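For this one, chain A is given, so just place chain B on it according to the hints.
Protein chains in written order, with our numbering: chain A, 5 to 125; chain B, 2 to 440.
The hints are simulated quantities; they were obtained by calculation from the structure and are not laboratory data. A quick note: this is a predicted structure, and the numbers were derived from the prediction, not measured. Backbone N, C-alpha and C fix where the C-beta goes; we use that ideal spot for every residue, glycine too. Among these hints, one or two may not hold up.
[As the list claims (entries may be wrong)] Covered stretches of chain A, going by a simulated chain B footprint (3 or more residues, C-beta under 8 angstroms):
no.: 1; region: 29-39
no.: 2; region: 94-108
[Claimed, not checked] The list that follows gives simulated cross-link-like pairs (lysine-lysine, DSSO-like), each with its CA atoms no further than 27 angstroms apart:
no.: 3; chain 1: A; residue 1: K104; chain 2: B; residue 2: K84
no.: 4; chain 1: B; residue 1: K49; chain 2: A; residue 2: K104
no.: 5; chain 1: B; residue 1: K38; chain 2: A; residue 2: K75
no.: 6; chain 1: B; residue 1: K49; chain 2: A; residue 2: K83
no.: 7; chain 1: B; residue 1: K120; chain 2: A; residue 2: K75
no.: 8; chain 1: B; residue 1: K207; chain 2: A; residue 2: K95
no.: 9; chain 1: A; residue 1: K83; chain 2: B; residue 2: K393
no.: 10; chain 1: A; residue 1: K80; chain 2: B; residue 2: K208
no.: 11; chain 1: B; residue 1: K91; chain 2: B; residue 2: K120
no.: 12; chain 1: A; residue 1: K80; chain 2: B; residue 2: K44
no.: 13; chain 1: A; residue 1: K95; chain 2: B; residue 2: K156
no.: 14; chain 1: B; residue 1: K44; chain 2: A; residue 2: K83
no.: 15; chain 1: A; residue 1: K104; chain 2: B; residue 2: K38
no.: 16; chain 1: A; residue 1: K104; chain 2: B; residue 2: K44
no.: 17; chain 1: B; residue 1: K124; chain 2: A; residue 2: K104
no.: 18; chain 1: A; residue 1: K75; chain 2: B; residue 2: K44
no.: 19; chain 1: B; residue 1: K393; chain 2: A; residue 2: K95
no.: 20; chain 1: A; residue 1: K75; chain 2: B; residue 2: K49
no.: 21; chain 1: B; residue 1: K156; chain 2: B; residue 2: K208
no.: 22; chain 1: A; residue 1: K95; chain 2: B; residue 2: K120
no.: 23; chain 1: B; residue 1: K208; chain 2: B; residue 2: K44
no.: 24; chain 1: B; residue 1: K174; chain 2: B; residue 2: K208
no.: 25; chain 1: A; residue 1: K95; chain 2: B; residue 2: K208
no.: 26; chain 1: A; residue 1: K95; chain 2: B; residue 2: K91
no.: 27; chain 1: A; residue 1: K75; chain 2: B; residue 2: K33
no.: 28; chain 1: B; residue 1: K393; chain 2: B; residue 2: K403
no.: 29; chain 1: B; residue 1: K44; chain 2: A; residue 2: K95
no.: 30; chain 1: A; residue 1: K57; chain 2: B; residue 2: K403
no.: 31; chain 1: A; residue 1: K104; chain 2: A; residue 2: K15
no.: 32; chain 1: B; residue 1: K33; chain 2: A; residue 2: K83
no.: 33; chain 1: B; residue 1: K38; chain 2: A; residue 2: K95
no.: 34; chain 1: A; residue 1: K57; chain 2: A; residue 2: K83
no.: 35; chain 1: A; residue 1: K80; chain 2: A; residue 2: K104
no.: 36; chain 1: A; residue 1: K80; chain 2: B; residue 2: K38
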Amino acid sequence: MMEMDLQISTKTLEGIPVIGLSGEVDAYTCSRFRDTMIDVIEEGNANIVVSMKDVEYIDSSGLGTLVGGLKRASEKGGKIAVVCSSPQIRKVFEITGLEKVFPLFRSERDAALELAREVVT
Amino acid sequence: MPKGKARDDGKTPYQIEVPEEYVLRDEVRWLKTEDAKLFRFLKEVMNKIEPAYVSTYPPSECGIATFTRDVLTSVAKYTPFSKPTVVAVKRREEIEPYGRVVRAQIMRDDRQSYIDAAKFLNKSTVDIISIQHEYGIYGGTQGEYILDFVRDLEKPAVATLHTVLLNPNEDQKRVLQELAELCQVVVVMVRMGRQILTDTYGIDPKKVTVIQHGVPNVHRVSTNAVKRALAISDRKIISTFGLINRGKGIEIAIEAVARVVEKYPNALYLVLGETHPGVRAWEGEAYRNDLLETVRRLNLENHVRFNNRFLSLSELVRYLCATDVYVTPYLNKDQICSGTLAYALGCGKAVVSTPYLYAEEVLGDGRGVLVDFRSPEAMADAIIDLFDNTSKKEQIESLAYKYGRRTAWFNVAIDYLDLFHRVMQAAGVRKDEVVEAKK
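One chain only, chain A, in its complex shape (with noise of 0.2 angstroms):
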């Protein structure tokens, strides 16, 4: 068996969907993701936020779930926004140039506050 280093967990915070990632996303975990992903759309909601800040590695596999989530996600009109604070994170999505398709934060509220505020207006 496969060791699978990657914890799922969701809560919401100003009535925004939170996924927290931690661990690892790569091909062996993220169809666990996307999973979830595709359960908290289906539920009703556009807007996510999805955490990375506890995220170690991710590899293009990660990626591509990101950018399938984001074309159900903009089907209802709605956003994916990011939350990562580790360099090497980070540096994924600028030097693929997905930072410009996944706003990225660095804190989980300044991320919901965000999509939050988006809503509204």
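Okay, now just chain B, sitting in the frame of chain A:
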């Protein structure tokens, strides 16, 4: 359970596959038909850098060819709107059924073909050239024809050095110095490489960057469970893999195994991989036959097993995951890179090795055990010590795995993309300008 500690429930069947990770490219491709607006937005903002790699390339059987394919593939997974290019180096008499990614070829001993390849890349949409350097893969004295290629390039180039000799001869020194002068950056895989380039070759350390050798993305699994799947659960497994040649020092490891079996009669040494094609062309299977003779002389027929064929990545990872102690008994102190040692670390294995330059650095800080060159006694003692001390072995495995994770190809690819981006910026090339120019 501590992170990085492999689990074993005693019954889980094993089918180790290293997963492909084309999720990003697949998602983007589907968007083209399912959400054209989002597709266009991604196309506009995502990194579209187009690297070209100059190297030997599979199906050529060569460690550098495999390395190049792995770098190219890993980088391409992050850049779904880019088209990578390979300029493959080969001997004229070789017929290699390359894939479509190979868009040009350099004939190793034909100087003009180096100049033609540079012209081809100058006219192409390629943004940056990544040269894989090893003296032997290029033609001319100490591979000097590669300099003709770089001199004629009108685009930025970086060179990854697979060999950095501590005591080069004049020609070897000259070729590397000029290559470093002509390229924007040279890449080495360990910090010691930068030190040697500075001290011995007088290369500006600012021109040298360290990017580690990549390894497959392997999550840790229980060694015992993999052994069960391979029907070797009652054996203590020692292994070595890679293309076999005399520099590997496998005879030293075999002599060490003779000592190990005195205390551990269930020890089994797996020598995984075929003879290096270059060696086979030169002396056939003479080295392997010598090794077989050593096995017979030491009555180790039940303790040493050769797997003389090409192993797929999944097979290789399976054997590595079934290994208790991995050994690299290499004989050459100068060796600055070892893909096989990198892979063993990536699988979280305890390694016993001779102190060649690469091993000395990556196995430092408790990540492995170093023993003297050509000393079967020291190698046997180190293996027995690890067999005796499970907690020490597990500690080494955890440190090795942690180190290896940082060097997974998906991380190394980001390092290369970052380097390409920085080099283009420093050379005054902006990708959006490049894109405009291509229209």
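Cross-check of the supplied hints:
1. Under a criterion of three residues with beta carbons nearer than 8 angstroms to beta carbons of chain B, the stated coverage of the region 29-39 of chain A is upheld, 4 such residues being counted.
2. Coverage of the region 94-108 of chain A by chain B holds [criterion: at least 3 residues with CB-CB distance below 8 angstroms; count 8].
3. Restraint check for A/K104 and B/K84: satisfied, since their Cα atoms lie roughly 22 angstroms apart, inside the 27 angstroms limit.
4. At most 27 angstroms may separate the alpha-carbon atoms for a hinted pair to count; B/K49 and A/K104 meet this at roughly 14 angstroms.
5. Taking the CA atoms of B/K38 and A/K75, the gap is near 10 angstroms; set against the 27 angstroms cutoff, the hint holds.
6. Restraint check for B/K49 and A/K83: satisfied, since their Cα atoms lie roughly 24 angstroms apart, inside the 27 angstroms limit.
7. A hinted pair counts as satisfied when its Cα atoms are at most 27 angstroms apart, and B/K120 with A/K75 does not qualify at roughly 42 angstroms.
8. As the CA atoms of B/K207 and A/K95 are separated by approximately 21 angstroms, the hinted pair is consistent with the 27 angstroms bound.
9. Pair hint A/K83 plus B/K393 does not hold up; C-alpha atoms about 49 angstroms apart against a cutoff of 27 angstroms.
10. Our distance criterion of 27 angstroms between C-alpha atoms is broken by A/K80 and B/K208, whose separation comes to about 49 angstroms.
11. As the CA atoms of B/K91 and B/K120 are separated by approximately 18 angstroms, the hinted pair is consistent with the 27 angstroms bound.
12. Distance restraint check for A/K80 and B/K44: the Cα-Cα separation of roughly 22 angstroms lies within the 27 angstroms cut-off, and the hinted pair is therefore satisfied.
13. Of the supplied pair hints, the one linking A/K95 and B/K156 holds, its CA atoms being roughly 25 angstroms apart against a limit of 27 angstroms.
14. As the CA atoms of B/K44 and A/K83 are separated by approximately 18 angstroms, the hinted pair is consistent with the 27 angstroms bound.
15. Taken as a hint, the A/K104 and B/K38 pair is honoured in the structure, with Cα atoms around 15 angstroms apart against an allowance of 27 angstroms.
16. Note on A/K104 and B/K44: the hinted pairing holds, with a Cα-Cα distance of about 11 angstroms set against a maximum of 27 angstroms.
17. Under the criterion of a C-alpha separation no larger than 27 angstroms, the hint pairing B/K124 with A/K104 is inconsistent with the structure, at around 31 angstroms.
18. Taken as a hint, the A/K75 and B/K44 pair is honoured in the structure, with Cα atoms around 14 angstroms apart against an allowance of 27 angstroms.
19. In summary, the hint linking B/K393 to A/K95 is not supported, as the alpha carbons are separated by about 35 angstroms, beyond the 27 angstroms threshold.
20. Only pairs whose Cα atoms come within 27 angstroms are accepted, and A/K75 paired with B/K49 is accepted, the gap being roughly 21 angstroms.
21. A C-alpha spacing of about 17 angstroms is found between B/K156 and B/K208, which places the hinted pair at or below 27 angstroms, so the restraint holds.
22. Restraint check for A/K95 and B/K120: not satisfied, since their Cα atoms lie roughly 34 angstroms apart, outside the 27 angstroms limit.
23. For the hint linking B/K208 to B/K44, the alpha-carbon distance of about 32 angstroms lies beyond 27 angstroms, and the restraint is violated.
24. In summary, the hint linking B/K174 to B/K208 is supported, as the alpha carbons are separated by about 16 angstroms, within the 27 angstroms threshold.
25. For the hint pairing A/K95 with B/K208, the CA-to-CA distance comes to about 22 angstroms; that is within 27 angstroms, so the pair holds.
26. Annotation: proposed proximity of A/K95 to B/K91 is violated, straight-line Cα distance about 36 angstroms (limit 27 angstroms).
27. A distance of roughly 11 angstroms separates the Cα atoms of A/K75 and B/K33; the hinted pair therefore holds under the 27 angstroms criterion.
28. With a C-alpha separation of about 16 angstroms, the suggested pairing of B/K393 with B/K403 holds against the 27 angstroms cut-off.
29. In summary, the hint linking B/K44 to A/K95 is supported, as the alpha carbons are separated by about 19 angstroms, within the 27 angstroms threshold.
30. Between A/K57 and B/K403 the CA atoms are separated by roughly 19 angstroms; this keeps the pair inside 27 angstroms, and the hint holds.
31. Restraint check: the Cα-Cα separation between A/K104 and A/K15 comes to about 25 angstroms, which is no more than 27 angstroms; the hinted pair holds.
32. Between B/K33 and A/K83 the alpha-carbon distance is near 19 angstroms, which keeps this suggested pair within the 27 angstroms criterion.
33. Taken as a hint, the B/K38 and A/K95 pair is honoured in the structure, with Cα atoms around 26 angstroms apart against an allowance of 27 angstroms.
34. For the suggested pair A/K57 and A/K83, the alpha carbons sit about 19 angstroms apart, so the restraint of at most 27 angstroms is met.
35. Note on A/K80 and A/K104: the hinted pairing holds, with a Cα-Cα distance of about 20 angstroms set against a maximum of 27 angstroms.
36. For the given pair, A/K80 sits about 14 angstroms from B/K38 by alpha-carbon distance, which is consistent with the 27 angstroms threshold.
Hints 7, 9, 10, 17, 19, 22, 23 and 26, counting from the list given before, are not met by this structure.
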